[in-house]
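So the chains spell out like this:
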Amino acid sequence: ETGVTQSPTHLIKTRGQQVTLRCSSQSGHNTVSWYQQALGQGPQFIFQYYREEENGRGNFPPRFSGLQFPNYSSELNVNALELDDSALYLCASRPPLAGADTQYFGPGTRLTVL
Amino acid sequence: GNSVTQMEGPVTLSEEAFLTINCTYTATGYPSLFWYVQYPGEGLQLLLKATKADDKGSNKGFEATYRKETTSFHLEKGSVQVSDSAVYFCALTLAGGTSYGKLTFGQGTILTVHP
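Quick mapping for you: the protein sequence lines, in order, are chains W and H.
Residue numbers for the first sequence follow my numbering, so the first one is 1 and each next one is one higher.
Residue numbers for the second sequence follow my numbering, so the first one is 1 and each next one is one higher.
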């Protein structure tokens with residue numbers, strides 16, 4: 001039990017639609033990262049938020065965007081969904097000044113794009 | 001760029017067998033190295049870590065040594081159990097700047113242990 005929750009667990013969308021995935025971090029965790037894990041692959045870093053500002057981004061197009069809220073929850077938004085966006089989306093949070101070894105991962109949201 | 005390569009293909013072992021999962025990396029700078037485990041339906045869990053060359057990380061009978069000369073971080077366990085069946089990911093991170101806390105993962109290795 002990591003204290004990080006994600007919703008929904010599963011989601012099915014069609015190509016071209018928009019989707020919002022949610023993550024609830026442990027209280028006090030002011031950094032959240034999002035990862036995309038395609039089937040049979042390792043997670044790939046999408047972006048990171050610190051104190052409600054994006055402060056790092058991987059090789060993902062602008063249609064992937066995020067928000068982080070003062071209550072330690074966050075969102076991942078994906079516009080104009082493509083078939084290749086089908087994946088498990090993981091969020092990970094960490095407390096102030098902690099490094100990568102103190103990240104707590106949620107169980108993920110499985111997104112299927114038809 | 002930074003990358004992690006794990007041995008390809010699933011690994012199937014009998015209980016009490018010896019386990020090795022190979023991991024090599026490419027990085028600009030001096031990374032910290034990790035092994036994560038993912039059980040079915042669960043999120044990633046940190047298994048062990050090493051932050052500098054020759055460090056050995058260990059946890060739950062698993063071990064891995066940070067080998068700078070071969071850029072490797074192979075995972076080993078002397079006697080696996082059925083409960084070790086999971087997907088194992090090797091990962092690295094670099095300190096500083098916008099890379100701080102960002103993990104770069106390998107493709108994962110599925111381990112199945114039979115009784």
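Calculated from the structure, these hints are not laboratory results.
Fair warning: this is a prediction, and the values are worked out from it, not measured in the lab.
Note that beta-carbon positions come from the ideal geometry of N, C-alpha and C, so glycine has one too.
The reader is advised that the hints may include incorrect statements.
What the hints assert, rightly or not - Among the chain H residues that face chain W by a calculated CB cut under 8 Å, a handful are:
(1) PHE34
(2) GLY43
(3) LEU44
(4) LYS49
(5) ALA53
(6) THR93
(7) GLY101
(8) LYS102
(9) GLY108
(10) THR112
To be verified - Sample of chain H residues at the chain W side, in silico, Cβ under 8 Å:
(11) ASP84
(12) SER85
(13) ALA86
(14) PHE89
(15) LEU103
Status of the hints after comparison with the structure:
1. PHE34: 7 Å, holds
2. GLY43: Holds. Min distance 4 Å.
3. LEU44: 4 Å, holds
4. LYS49: 5 Å, holds
5. ALA53: It is violated, given that the least Cβ distance between ALA53(H) and chain W is near 17 Å, above 8 Å.
6. THR93: 4 Å, holds
7. GLY101: 5 Å, holds
8. LYS102: The hint holds - LYS102(H) has a Cβ within 8 Å of chain W, the shortest such distance being about 5 Å.
9. GLY108: 5 Å, holds
10. THR112: Where the cut-off is 8 Å and the nearest Cβ of chain W is about 15 Å from THR112(H), the hint is violated.
11. ASP84: Because about 19 Å separates ASP84(H) from the closest Cβ in chain W, which is outside the 8 Å limit, the hint is violated.
12. SER85: 17 Å, violated
13. ALA86: At 14 Å from the nearest chain W Cβ, ALA86(H) fails the 8 Å test, so the hint is violated.
14. PHE89: Check passed: Cβ of PHE89(H) comes within 5 Å of chain W, closer than 8 Å.
15. LEU103: 5 Å, holds
Hint compliance for this structure: hints 5, 10, 11, 12, 13 are broken, all remaining hints hold.
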